[in-house]
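Chemist: Sequence:
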Amino acid sequence: MPEGDSKKPNIKELLAVAYIGVAVSICLLAVRHMGGLQQLELMAFDRLMQLRPDPGPDPRLLLVEVTEEDLDRWQEWPLSDGTLARVLATLQRHEPAAIGLDLARNFAQGEGNEELVAQMSEPNFIAITSVGNRESDRIPPPPGVPQQQVGSIDVPIDPDGAMRRHLLFNYDGEVNWHSLALRLARTYIKRGCPGYRPTAGVPCSEISAKLTPEQEYQLGDVVFHKLKTNSGGYQTISAGGYQILTNYRSANNAARTISLTNLLEEDFDPEWVKDKIVLVGVTAPSLQDLFFTPMSAIAEDPRMPGVVIQIQMTSQILSAVLDGDRLFWYWPEWAEIAWILAWAIAACALAAVSRNPLILIIGIGVLLTLLWGSTFILFLQQAWIPVAAPTIWIILAMAGIVFYKEYQAERQQQMVMRLLGQQTSPEIADALWESRDRLLESGRLPWQKVTATLFFSDIKGFSTISEEMQDVPERLMGWLNEYLNALSDEVLAHRGIVNKFLGDGMMAVFGVPIASTTEAEIAADAQMAVSCALAIRDKLVTLNRDWKGRQLPAVQMRVGIFTGVAMVGSLGGKNRLEYAVIGDSANTASRLESSFKDRQVDDCRILIGKETLQYLDGKFEVEDWGSLPVKGKKQCVEVYRVIGKC
Numbered sequence: 010m011p012e013g014d015s016k017k018p019n020i021k022e023l024l025a026v027a028y029i030g031v032a033v034s035i036c037l038l039a040v041r042h043m044g045g046l047q048q049l050e051l052m053a054f055d056r057l058m059q060l061r062p063d064p065g066p067d068p069r070l071l072l073v074e075v076t077e078e079d080l081d082r083w084q085e086w087p088l089s090d091g092t093l094a095r096v097l098a099t100l101q102r103h104e105p106a107a108i109g110l111d112l113a114r115n116f117a118q119g120e121g122n123e124e125l126v127a128q129m130s131e132p133n134f135i136a137i138t139s140v141g142n143r144e145s146d147r148i149p150p151p152p153g154v155p156q157q158q159v160g161s162i163d164v165p166i167d168p169d170g171a172m173r174r175h176l177l178f179n180y181d182g183e184v185n186w187h188s189l190a191l192r193l194a195r196t197y198i199k200r201g202c203p204g205y206r207p208t209a210g211v212p213c214s215e216i217s218a219k220l221t222p223e224q225e226y227q228l229g230d231v232v233f234h235k236l237k238t239n240s241g242g243y244q245t246i247s248a249g250g251y252q253i254l255t256n257y258r259s260a261n262n263a264a265r266t267i268s269l270t271n272l273l274e275e276d277f278d279p280e281w282v283k284d285k286i287v288l289v290g291v292t293a294p295s296l297q298d299l300f301f302t303p304m305s306a307i308a309e310d311p312r313m314p315g316v317v318i319q320i321q322m323t324s325q326i327l328s329a330v331l332d333g334d335r336l337f338w339y340w341p342e343w344a345e346i347a348w349i350l351a352w353a354i355a356a357c358a359l360a361a362v363s364r365n366p367l368i369l370i371i372g373i374g375v376l377l378t379l380l381w382g383s384t385f386i387l388f389l390q391q392a393w394i395p396v397a398a399p400t401i402w403i404i405l406a407m408a409g410i411v412f413y414k415e416y417q418a419e420r421q422q423q424m425v426m427r428l429l430g431q432q433t434s435p436e437i438a439d440a441l442w443e444s445r446d447r448l449l450e451s452g453r454l455p456w457q458k459v460t461a462t463l464f465f466s467d468i469k470g471f472s473t474i475s476e477e478m479q480d481v482p483e484r485l486m487g488w489l490n491e492y493l494n495a496l497s498d499e500v501l502a503h504r505g506i507v508n509k510f511l512g513d514g515m516m517a518v519f520g521v522p523i524a525s526t527t528e529a530e531i532a533a534d535a536q537m538a539v540s541c542a543l544a545i546r547d548k549l550v551t552l553n554r555d556w557k558g559r560q561l562p563a564v565q566m567r568v569g570i571f572t573g574v575a576m577v578g579s580l581g582g583k584n585r586l587e588y589a590v591i592g593d594s595a596n597t598a599s600r601l602e603s604s605f606k607d608r609q610v611d612d613c614r615i616l617i618g619k620e621t622l623q624y625l626d627g628k629f630e631v632e633d634w635g636s637l638p639v640k641g642k643k644q645c646v647e648v649y650r651v652i653g654k655c
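10 is the number of the first residue of the sequence shown in the numbering used here; add one for each residue after it.
Rather than coming from a laboratory, the hints here were simulated on the basis of the structure.
All C-beta atoms in this analysis are idealised placements derived from N, C-alpha and C, irrespective of residue type, glycine included.
Heads up, a few of these hints could be off.
Claimed, not checked - The calculated lysine-lysine pairs, modelled on BS3-like cross-linking and capped at a C-alpha distance of 27 angstroms, are:
#1 K469 - K509
#2 K548 - K654
#3 K654 - K469
#4 K548 - K509
#5 K557 - K606
#6 K619 - K654
#7 K237 - K219
To be verified - Computed spacing ranges between beta-carbons, pair by pair:
#8 I354 - S295: 31 to 37 angstroms
#9 V574 - I368: 35 to 41 angstroms
#10 L350 - E104: 55 to 61 angstroms
#11 D593 - F510: 18 to 24 angstroms
#12 E215 - R61: 27 to 33 angstroms
#13 A117 - A39: 55 to 61 angstroms
#14 R335 - E223: 14 to 20 angstroms
#15 A347 - Y28: 17 to 23 angstroms
#16 S383 - E223: 28 to 34 angstroms
#17 I354 - E530: 36 to 42 angstroms
Could you put together the complete structure from these sequences and hints?
Modeler: Okay, structure coming up:
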């Protein structure tokens, strides 16, 4: 199998990834449906709006503001009817297109009421009313002002206290009030959009209002689609009345501004008023007509005066009808869910195929960049689509899959070690781990034919030693464990695996479970096996010296090494499995260890076959011991004793 295949996820892993993705999706869709993600979507909406280019002030609008300095200057609040009459008269002399008074005037204030009533009778004047949520909040319109010259200032407030919506129409049980912004925009249009040439749609003189067959409000060519409970990132708002989403023009500079004092002292350019929509209202913080908006984070003051919000709404209507700017639009619910799931699938796919943590981190960054980038591009086209939900999907889906893969990795590691029966060297463990997907099949290491080097060892005269020490089994087993532990350490240090312990003996294999496929790799395995045997011989000298000092038996041992073809894989049933190595090569290595028992020329006699010698590349000194007949083989094995390294 090619090297790259080991990094491909198997069907079982892909199914697990799919299950995790489905589970996360179901849970989060339920949370989203109940409004659990609404606040995150609103925060994302605000951030996207703040990132848009600032178009600057709307030249069709003018704000006459009542500031703290004005309150100090005139020393009156509420402003008297006479003062307001002077304000309106001053403005009217300079021929504005429309005047909106964002101040309650449902009853007289001080002197000058007759003059004020006269000013409010002008056809381009718009007063305010408020339906309110409670009777105590209601603000009736000024007496005598026609309904078509009154606009509602009611604005829905989102659960987090911010104003993002515009109540275009508000029904109080008797009258369906137009909003103040809509009244001002329609007054401006009816007067022929003085001083301004529309860049989109029909001429102002031909712009009229009507209801579409779907009972949605249309002004000119623009349909103001009603906001629904689940439009965009919303899920749980009340969509009563006729609401649209407000498109805030600017955080700090929505329109040119004149203070009340400058107006009354006529310290301004008359052209600022001529043919403009003028709103009169308070911006003084002490009067508390301040609200949070999507622009709060980048505004000079996080709370925006109510009259400025009315300017934003008026500008939005004019820009949509006269300039061709799009109103906010939304996908249907099924499209939003499909959008969210598409990103979840992309995240699952990335997490499934990626094993490198760095690549996974980079992949997450790329996915999130693509998500937010595409969302922002669509937002510039006035599309509000979910972004927080797919962001959470990506993070949670990836986290879930990573945790699952780590859990599976730990289980597989335990399974691999159980199947191998013993620990392996770090190098083999790393290689095995990289190839675990193709090595592990249904909890087993599949059988494969390999060329490996087999290593058998045994203690000479162990039966006699154990008989002499049988009265003290703890002493015997402690001594034996020291011996076997020393052998195991050397095997692992030389990139072999300890396949099994055979009483006082040991079987080790070099070249598995990651099969050596080239002549160079097979030669390296054979040389490692012989080097391991020599290292054990050197260590045995130290062990014997130590054991003699502790009145423990000194030992001599035999090692047989043979290189050849073997079958390796899991052997056994569901209750017991072991990593088996079978074949003539294993038999031959075992025979080499046990042959010529009368020729123990040193404490650690190492015999190898010619098949191993041919891979040693002259790096070891050997002596020829002739041929050895091996049970089950027609031909004898040529035997060599390893003396040492050259």
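Chemist: Each hint needs a verdict: does it hold in this structure or not?
Modeler: Consistency of the hints with the structure:
1. Our distance criterion of 27 angstroms between C-alpha atoms is met by K469 and K509, whose separation comes to about 19 angstroms.
2. For the hint linking K548 to K654, the alpha-carbon distance of about 16 angstroms falls within 27 angstroms, and the restraint holds.
3. Restraint check: the Cα-Cα separation between K654 and K469 comes to about 24 angstroms, which is no more than 27 angstroms; the hinted pair holds.
4. Taking the CA atoms of K548 and K509, the gap is near 21 angstroms; set against the 27 angstroms cutoff, the hint holds.
5. The straight-line distance between the Cα atoms of K557 and K606 is roughly 24 angstroms, inside the 27 angstroms bound, and the hint therefore holds.
6. Note on K619 and K654: the hinted pairing holds, with a Cα-Cα distance of about 17 angstroms set against a maximum of 27 angstroms.
7. Simply put, K237 and K219 have alpha-carbon atoms about 20 angstroms apart, close enough for the 27 angstroms limit, and the pair holds.
8. Roughly 54 angstroms separates the CB atoms of I354 and S295, a value that falls outside the hinted 31 to 37 angstroms.
9. A hinted range of 35 to 41 angstroms for the beta carbons of V574 and I368 is consistent with their spacing of about 38 angstroms.
10. The beta-carbon spacing between L350 and E104, approximately 57 angstroms, falls within the hinted interval of 55 to 61 angstroms.
11. For the hinted restraint 18 to 24 angstroms between D593 and F510, the CB-CB distance of approximately 22 angstroms keeps it satisfied.
12. For the pair E215 and R61, the supplied restraint of 27 to 33 angstroms holds, since their beta-carbon distance comes to about 31 angstroms.
13. One distance hint, 55 to 61 angstroms for the beta-carbon pair A117 and A39, holds here, with the actual separation near 56 angstroms.
14. The hinted window of 14 to 20 angstroms between R335 and E223 holds, with their beta carbons roughly 18 angstroms apart.
15. The hint said 17 to 23 angstroms for the Cβ distance between A347 and Y28, and at roughly 20 angstroms that hint holds.
16. The hinted range of 28 to 34 angstroms is satisfied by S383 and E223, whose Cβ atoms lie roughly 29 angstroms apart.
17. One distance hint, 36 to 42 angstroms for the beta-carbon pair I354 and E530, holds here, with the actual separation near 41 angstroms.
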